[in-house]
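> If you want the building blocks of each chain, they are given just below.
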Amino acid sequence: NAGVTQTPKFQVLKTGQSMTLQCAQDMNHNSMYWYRQDPGMGLRLIYYSASEGTTDKGEVPNGYNVSRLNKREFSLRLESAAPSQTSVYFCASSETGVQGDEQYFGPGTRLTVT
Amino acid sequence: GESVGLHLPTLSVQEGDNSIINCAYSNSASDYFIWYKQESGKGPQFIIDIRSNMDKRQGQRVTVLLNKTVKHLSLQIAATQPGDSAVYFCADGYSSASKIIFGSGTRLSIRP
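Top line first, the protein sequences correspond to chains Z and A.
Sequential numbering of the first sequence, starting at 933, is according to this note's numbering.
Sequential numbering of the second sequence, starting at 330, is according to this note's numbering.
Chain A extracted, bound-state conformation (with noise of 0.2 Å):
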């Protein structure tokens, strides 16, 4: 079936420094990705999201690569802040947003 797949569970970065969470996926006709930050007791919050159409897309801080030919993709956080430190989920949107698939997160933490 479907899957979608971060690398690491646990990420470490020193504060400053630029973070890198990846992501696996399966379906190849997959063509709609999202990341979210989820913060600790609080719901899910949208980061950025990345179309197959495109090779990257960069927001405030964040940049998403995506690489279809090996199913990959990943968030990087330039310059990682203290409040960044939450739980990222990528997740493929193929379908519709009733049809997301979740990954199991990877939990970022800053050292100061």
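Isolated chain Z, as found in the complex (with noise of 0.2 Å):
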């Protein structure tokens, strides 16, 4: 089991520039997350998606879009990028997305933009 991978693992983008984060679980989950880690912080969800087919804003979603692509692939588009969205990028999932299911964590994408 590779648990919960992401790919790039680092990216450089110009101001303006679009990319999409990709991430993937291979442990049957139904619930998935995006968040984002700025230095000194803890994590802020961006969206999540309870489900295959279903996704949700968090508390950060200014600026991005997601895809629920199957229920293994959840995706993280940065449609212009700025430079406030410099930070760690994290996704996770969980069994359930009930309080007190486990959340497995991504090794993380790290974005700078210029």
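Hints are not guaranteed to be accurate.
[What the hints assert, rightly or not] Straight-line Cα separation of at most 25 Å, DSS-like style, residue types lysine-lysine; simulated pairs: (1) A:397 with A:428; (2) A:371 with Z:1003; (3) A:428 with Z:989.
Calculated directly from the structure, the hints in this document are not laboratory data.
The structure displayed is predicted, hence computed values, not measured ones.
Combine both chains into one complex, guided by the hints.
Printed below as a string of structure tokens:
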């Protein structure tokens, strides 16, 4: 089991460029999440998908879009990158999404927008 | 608004000593808390959780204490080892896995 995998590991973008961060999990989990982590801060939820076919906004959704491609894959798209989106992005998954359901995190994508 | 904060941004302990990492929360309705460990270059990893109907919960070398009166919880790591070096986050899991509020983290470093 690879768990949660993310690609790419590192990315540098120029302001205004677009890109898609990929995430996949092999644990047959229903729920998936995208977080961002800024230096010295905790994680903040961008979007989540409670189950295949559904997506919902989290705390900081502006500037992002997501696609739950299938049960395994959940991608995050930046349509027009801004320096404020420089961050480390983590994808996570959990079995059901209810309280107490453990989240499993990927290794992260470090994104720099210049 | 809701917040979860840790008391110290960094903590340095001698190898073999016990470590105590503290956390305060503001939402009196919070009923579920989680501690995560994040090693350098990795994603957070679940350590232990506790529900508000408990005051204490123990895992392998870790204990979480919850004081609802003062809205405070702590993570105790027994016999700290070099592999415990990481940033530790407390999180408020009030309503669902999609509503977890993370604190800013405490970096634990181990002195040989």
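> Among all the numbered hints in the text so far, which are the ones the structure does not match?
No hint contradicted; all consistent.
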